[in-house]
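K.L.:
Chain by chain, the residues run as shown.
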Amino acid sequence: MDDNKEIKDKEKSMTRSEFLAYMSASFTFMVGSSIFGRFVTEAEAKAAGKDNTKVEKKDSSGGSNTDTKPKHTEQDYDPFNHAWIYLIDTNKCIGCGMCVRACKIENKVPDKFNRTWVERYHILEGRGALIDSPEGGLNGFQPESYSKVTKTFFIPKICNHCKKSPCSQVCPVGASYFSPDQVQLIDQKRCIGCGYCIQACPYSSRFMHPDKHVADKCFWCYHRITKGYDPACVHACPTGTRKFGDMTKPDDPIRMIISTERVQVLRPEMLTIPQVKYLGLDMEVR
Amino acid sequence: MHGNEIMNFLFPNDFHVDWSLMVVLYPYITGLVAGAFIVSSLYHVFNRDEFKPIARFALLTSLAFMLFATVPLLNHLGHPERAMSIIITPNFSSAMAGFGILYAGYLVILIIEVWLVYRVDIIESARNTTGFKRLFFKTLALGVYNTSKEALDLDRKLIKIFAAIGIPAACMLHGYVGFLFGAIKANPWWSTPLMPIIFLFSAVVSGIALLVIMYQVIMKYSGWIIDQKCLASLARWLWLFLIMTVTLEVLEIISLSYKQAEEWEIIKPLLSNQLSISFIGIQMIMGSLIPFILLMVVVILDKFLHERVRNTLTFIAALLLMMQVFAMRWNVVIGGQTFSKSMRGFKEYIPHFFEKEGVGASIIIMILPFIALTIMLKILPTFKNVFPVDTGDDNKK
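Protein sequences, first through last, are from chains G and V. Yeah, the first sequence ends on 286 if you go by the working numbering, and it's all consecutive. Yeah, the second sequence ends on 397 if you go by the working numbering, and it's all consecutive.
Check before you lean on any hint, since a few could be wrong.
What the hints assert, rightly or not - The list that follows gives simulated cross-link-like pairs (lysine-lysine, DSS-like), each with its CA atoms no further than 27 Å apart: (1) Lys164/G - Lys249/G; (2) Lys384/V - Lys229/V; (3) Lys108/G - Lys189/G; (4) Lys160/V - Lys303/V; (5) Lys108/G - Lys138/V; (6) Lys163/G - Lys185/V; (7) Lys189/G - Lys303/V; (8) Lys148/G - Lys164/G; (9) Lys378/V - Lys138/V; (10) Lys189/G - Lys212/G; (11) Lys185/V - Lys268/V; (12) Lys52/V - Lys229/V; (13) Lys149/V - Lys164/G; (14) Lys249/G - Lys163/G; (15) Lys347/V - Lys212/G; (16) Lys52/V - Lys347/V; (17) Lys259/V - Lys185/V; (18) Lys378/V - Lys160/V; (19) Lys212/G - Lys268/V; (20) Lys347/V - Lys259/V; (21) Lys249/G - Lys189/G; (22) Lys157/V - Lys52/V; (23) Lys112/G - Lys303/V; (24) Lys149/V - Lys138/V; (25) Lys160/V - Lys52/V; (26) Lys229/V - Lys108/G; (27) Lys347/V - Lys112/G.
These aren't lab readings, by the way, just hints derived from the structure by calculation.
Taking the hints into account, I'd like the entire structure generated from these sequences.
P.N.:
Okay, structure coming up:
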């Protein structure tokens, strides 16, 4: 097991230490927002008459995923033994932007582009939705006051890791592919930078990396999940909005939620079979 | 989605246009390739003898543009050094994987066809020249110097066969480009099975229009008589293909508008704001309606027209149609990217002159085929049986 410690230590170098430093700096904000977030979401859930007790129980430890212990190591990782799944409980999102910041730092996401982002919806009476996502929600959201707002909510977005993905279908050289553990990956050493996948993605999850000149997007922090950690955004989420699970494990709590609750996906009419499931989507969300 | 939608939101990654002016040029150039080839095939396969004066020129035009069709794409790619992967190790679930086969196949057909058409002239040139020129033409002749009647008959048969194979090949080459866009279900402005057909018909329009312009310019420049029968026939075909193209283009919009499906919520503001000038103004009115009227005059009043009037009217119509087809490519490629996939907001795209994929690069890329064509015309005797204007029009008619 000493090997595991070494791996952990290696991983904690550079980006991870940067990340943790950042995390501690925003600790105060995190605790405050987390408490506030739980208060709000519980109230919302009650108002909506939803039975979210199961979900709440999972998060009672404060923040969803305290992944200090990796579930497995990189050496014993077999992609054929996993089927990763991502769940976003929108009822819980407070729009703090911790996930976006965590992703930026962890994956060195270039300026202006986002591997994940958070959208804020104001539903105005009779006028549809007013949506904003300043810098993808990187620095949270400033309060806005509109008249005749009937409801507001935050929607975190991420690559949907579709099973029938238009992006890997159209890749002319097979650089985009769906891995056995159900993650949409890009071989950036093979990508020719044609941008066809960016056109084909209905969710605008992909972008052309301005320095590498290849397609880029969320990989669910593949370098982390193969070592047994949660993706950075899941790890950073203070309210348990973002959850990461494994559909091959019978006792996986996320698998339990997806199997028993009524989950939705974005743009189901596209028939892309997204592996990111949502709780509490609104019809205005696309 | 609900009628009075507020148009204010773009997905964060949707702030710029990925497929630039280069991706507008690519279908424009392959369209000219396919269009010019089809004119030459009208003579070689369908025996439209009125196209004899420009059949060879059409073939050369097609080849000249074909040689440079990939240049805008290579300039656009993030990693052009990996471009050959598309041909060597294609992913066949991608429509783009067909590129290598279609492009290489068509290029081979085109080169064989050009060689067969010019074979006798190459041999003659090899016999009549000396030194380096002789060596050059001997190389071009590939060691075949048989010009007997049997050999020429075989040539004619082969030309017919290759021209016949070339028609579906040209249609595939360009239909494929339309399919690249038509098969993207994420984009409501592109996603229609009509797309390859619209691309194909507008390709023929641009090809014929280019030939009308180039033929007149070369004849004027060289002081030769413009074959009026050929020009009138070109105008007729141009008119026919214009009508079919615009019908399809308008049909697409009418069908979207009438269905009032979800996509119309974004396409309606797209057409009335973002593309109001380039689609309605340039593509539909200046590029379609005016040439339609001009060509109608040429076609219907053919007998009463003085040749200068015919020349001028077809020339202007052809110029406008070249612009129309470019506007159509622009409206499809850029228009399809000006709205966000959120279907709730728009972005701007104005190409700069000096950027990598900007206006300057586009102008240079568009000049290259003309330089190639000029060199080819110098080497290969393309216009035969032409008469200088001085010998008097009356005799020749």
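K.L.:
So if I understand the rule, the pair passes when the alpha-carbon distance is 27 Å or less; does Lys249/G with Lys163/G pass?
P.N.:
The hint holds at about 19 Å.
K.L.:
Does the alpha-carbon distance linking Lys249/G and Lys189/G stay inside the 27 Å limit?
P.N.:
violated (33 Å)
K.L.:
Verify the proposed pairing of Lys189/G with Lys212/G, using a straight-line Cα cut of 27 Å.
P.N.:
Within the cut-off at roughly 10 Å; holds.
K.L.:
If you draw a straight line from the CA of Lys259/V to the CA of Lys185/V, is it 27 Å or shorter?
P.N.:
holds (17 Å)
K.L.:
Sort out whether Lys138/V lies within 27 Å of Lys149/V, counting only the CA atoms.
P.N.:
Distance ~21 Å between Lys149/V and Lys138/V Cα, so the pair holds.
K.L.:
For the pair we were handed, Lys164/G and Lys249/G, check the Cα-Cα distance against 27 Å.
P.N.:
holds (23 Å)
K.L.:
If you draw a straight line from the CA of Lys229/V to the CA of Lys108/G, is it 27 Å or shorter?
P.N.:
Measuring from Cα to Cα gives roughly 66 Å; hence the hint is violated.
K.L.:
Sort out whether Lys303/V lies within 27 Å of Lys112/G, counting only the CA atoms.
P.N.:
Distance ~63 Å between Lys112/G and Lys303/V Cα, so the pair is violated.
K.L.:
Are the Cα atoms of Lys108/G and Lys138/V separated by 27 Å or less?
P.N.:
violated (60 Å)
K.L.:
Holds or violated: are the alpha carbons of Lys149/V and Lys164/G at most 27 Å from each other?
P.N.:
Answer violated: Lys149/V to Lys164/G is near 60 Å, above 27 Å.
K.L.:
Is Lys108/G within 27 Å of Lys189/G, Cα to Cα?
P.N.:
holds (17 Å)
K.L.:
Take a quick look at whether Lys160/V and Lys303/V sit within 27 Å of each other, Cα to Cα.
P.N.:
At roughly 33 Å apart (the allowed maximum being 27 Å), Lys303/V and Lys160/V break the hint.
The structure is inconsistent with the numbered hints 4, 5, 7, 8, 13, 16, 19, 21, 23, 26, although it conforms to all the rest.
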